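Undergrad: Take a look at the letters that make up each chain.
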Amino acid sequence: GENVEQHPSTLSVQEGDSAVIKCTYSDSASNYFPWYKQELGKRPQLIIDIRSNVGEKKDQRIAVTLNKTAKHFSLHITETQPEDSAVYFCAASKTGGGNKLTFGTGTQLKVEL
Amino acid sequence: DAGVTQSPTHLIKTRGQQVTLRCSPKSGHDTVSWYQQALGQGPQFIFQYYEEEERQRGNFPDRFSGHQFPNYSSELNVNALLLGDSALYLCASSRGGTGANVLTFGAGSRLTVL
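Protein chains in written order, with our numbering: chain A, 125 to 237; chain B, 97 to 210.
Everything labelled a hint here was simulated from the structure, so no lab data went into it.
On a predicted model such as this, the values are computed, not experimentally measured, just so you know.
Here a beta-carbon is modelled for each residue, glycine too, at the ideal position from N, C-alpha and C.
Treat the hints with care, since some could be wrong.
[Said to hold, decoys possible] Part of the chain A face toward chain B, derived, beta carbon under 8 Å:
#, residue
1, Glu139
2, Ala143
3, Lys146
4, Ser150
5, Val178
6, Phe213
7, Gly228
8, Gly230
[Said to hold, decoys possible] To list a few chain B residues with every Cβ distance to chain A over 10 Å, as calculated:
#, residue
9, Val100
10, Ser103
11, Phe165
12, Glu171
13, Ser182
[Claimed, not checked] Label pairs and their calculated CB-CB ranges:
#, chain 1, residue 1, chain 2, residue 2, range
14, B, Thr208, A, Thr229, 17 to 27 Å
15, B, Arg118, A, Glu180, 18 to 28 Å
16, B, Arg111, A, Asn177, 44 to 54 Å
17, B, Ala176, A, Glu139, 44 to 54 Å
18, A, Glu139, B, Thr208, 28 to 38 Å
19, B, Leu107, A, Lys234, 39 to 49 Å
20, B, Gln114, A, Gln138, 19 to 29 Å
21, B, His106, A, Thr229, 46 to 56 Å
22, B, Ala176, A, Asp141, 46 to 56 Å
23, B, Ser123, A, Glu180, 14 to 24 Å
24, B, Phe156, A, Gly165, 16 to 26 Å
25, B, Leu210, A, Thr229, 38 to 48 Å
26, A, Gly179, B, Arg111, 42 to 52 Å
27, A, Asn127, B, Lys109, 38 to 48 Å
Sequences are here, hints too, so could you generate the full structure?
TA: In structure tokens form, the structure reads like this:
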């Protein structure tokens, strides 16, 4: 089955700096890669996703890149703000996979003033 | 739009008991998936329901079972509870069955097994 590894497990940055979180996946058939933000005690919220037919997607301060050959994808947050502090999860799934998202282990991002 | 709603939000059970968790999907969604999230971990896929049938299952024992009703709502049942079943149980809904579709998560039901 699919295996998703995520690094780093914790990340501390200064407000205004950039943050990068990296994930690798094992199943070459995976074609959908969402990123979720989960604040303490709250539901995971989709912040951005990418499908395997594109290499990069941006939404304001957030971007995701995908390298299908290397089977890795990354989340980039620019101009970080204190409200970006949360746990971020990457995930992977594939068409016909029954919406089975395989999640990474999460990255605790702390944006310090 | 209320999004995905789950009940109860918190519950405490003892080992050996049984529990039923409920989920109402987001309006317009017809597919429900259940995930277990242990403390400090990423969510783990339990199973997915579409057209009132279990379509795919993760690596969970038969003690975990579910149901989907004609109105697309769903239940997760766990029998013979173990201490290790303590977790946040998340329901996620989507539209269109078994494709790699965008999931919307509920706030979860936090189960504590004593």
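Undergrad: Each of the hints needs a verdict: does it hold here or not?
TA: Consistency of the hints with the structure:
At a threshold of 8 Å, the smallest CB-CB gap from Glu139(A) to chain B is about 25 Å, leaving the interface hint violated. For Ala143(A), the shortest C-beta to C-beta distance to chain B is roughly 18 Å, which exceeds 8 Å, and the interface hint is violated. About 15 Å separates the beta-carbon of Lys146(A) from the nearest beta-carbon of chain B, more than 8 Å, and the hint is not met. Interface restraint check for Ser150(A): the shortest CB-CB distance to chain B comes to about 15 Å, outside 8 Å, so the restraint is violated.
Among the interface hints, the one on Val178(A) is violated; its C-beta lies about 14 Å from the nearest C-beta in chain B, farther than the 8 Å criterion. This hint holds: Phe213(A) has a C-beta 5 Å from the nearest C-beta of chain B, less than the 8 Å allowed. A hinted interface residue such as Gly228(A) counts as satisfied when its beta carbon comes closer than 8 Å to some beta carbon of chain B; here the least separation is about 6 Å, so the hint holds. Of the supplied interface hints, the one on Gly230(A) holds, with its beta-carbon coming within about 5 Å of a beta-carbon of chain B, less than 8 Å.
With a minimum CB-CB distance of about 8 Å to chain A, Val100(B) fails to clear the 10 Å threshold, and the non-interface call is violated. Taking the minimum C-beta to C-beta distance to chain A, about 14 Å, the non-interface status of Ser103(B) holds against the 10 Å cut. A cut-off of 10 Å between C-beta atoms confirms that Phe165(B) is not in contact with chain A; the least separation is 18 Å. Under the 10 Å C-beta cut-off, the non-interface status given to Glu171(B) relative to chain A holds; the minimum distance is some 18 Å.
Distance check for Ser182(B) against chain A: the nearest CB is about 16 Å away, which clears 10 Å, and the non-interface claim stands. Checked against the given bound of 17 to 27 Å, the beta carbons of Thr208(B) and Thr229(A), roughly 22 Å apart, stay inside it. Under the hint 18 to 28 Å, the C-beta atoms of Arg118(B) and Glu180(A), about 40 Å apart, miss the expected range. At about 48 Å, the CB distance of Arg111(B) to Asn177(A) agrees with the hint of 44 to 54 Å.
Range check, Ala176(B) to Glu139(A): Cβ separation about 49 Å, and the 44 to 54 Å hint holds. Distance hint check: the CB atoms of Glu139(A) and Thr208(B) are about 36 Å apart, consistent with the given range 28 to 38 Å. Hint check: Leu107(B) to Lys234(A), Cβ distance near 31 Å, so the stated range 39 to 49 Å is violated. Between Gln114(B) and Gln138(A) the Cβ separation comes to about 50 Å, which falls outside the hinted range of 19 to 29 Å.
About 25 Å separates the C-beta atoms of His106(B) and Thr229(A), a value inconsistent with the hinted range of 46 to 56 Å. The given range of 46 to 56 Å is respected by Ala176(B) and Asp141(A), whose C-beta atoms sit roughly 49 Å from each other. Checked against the hint of 14 to 24 Å, the pair Ser123(B) and Glu180(A) fails, with Cβ atoms roughly 32 Å apart. Between Phe156(B) and Gly165(A) the Cβ separation comes to about 24 Å, which falls inside the hinted range of 16 to 26 Å.
About 27 Å separates the C-beta atoms of Leu210(B) and Thr229(A), a value inconsistent with the hinted range of 38 to 48 Å. Checked against the hint of 42 to 52 Å, the pair Gly179(A) and Arg111(B) passes, with Cβ atoms roughly 50 Å apart. Judged by the Cβ atoms, the range 38 to 48 Å given for Asn127(A) and Lys109(B) is violated: they are separated by roughly 32 Å.
Hint compliance for this structure: hints 1, 2, 3, 4, 5, 9, 15, 19, 20, 21, 23, 25, 27 are not met, and every other hint is.
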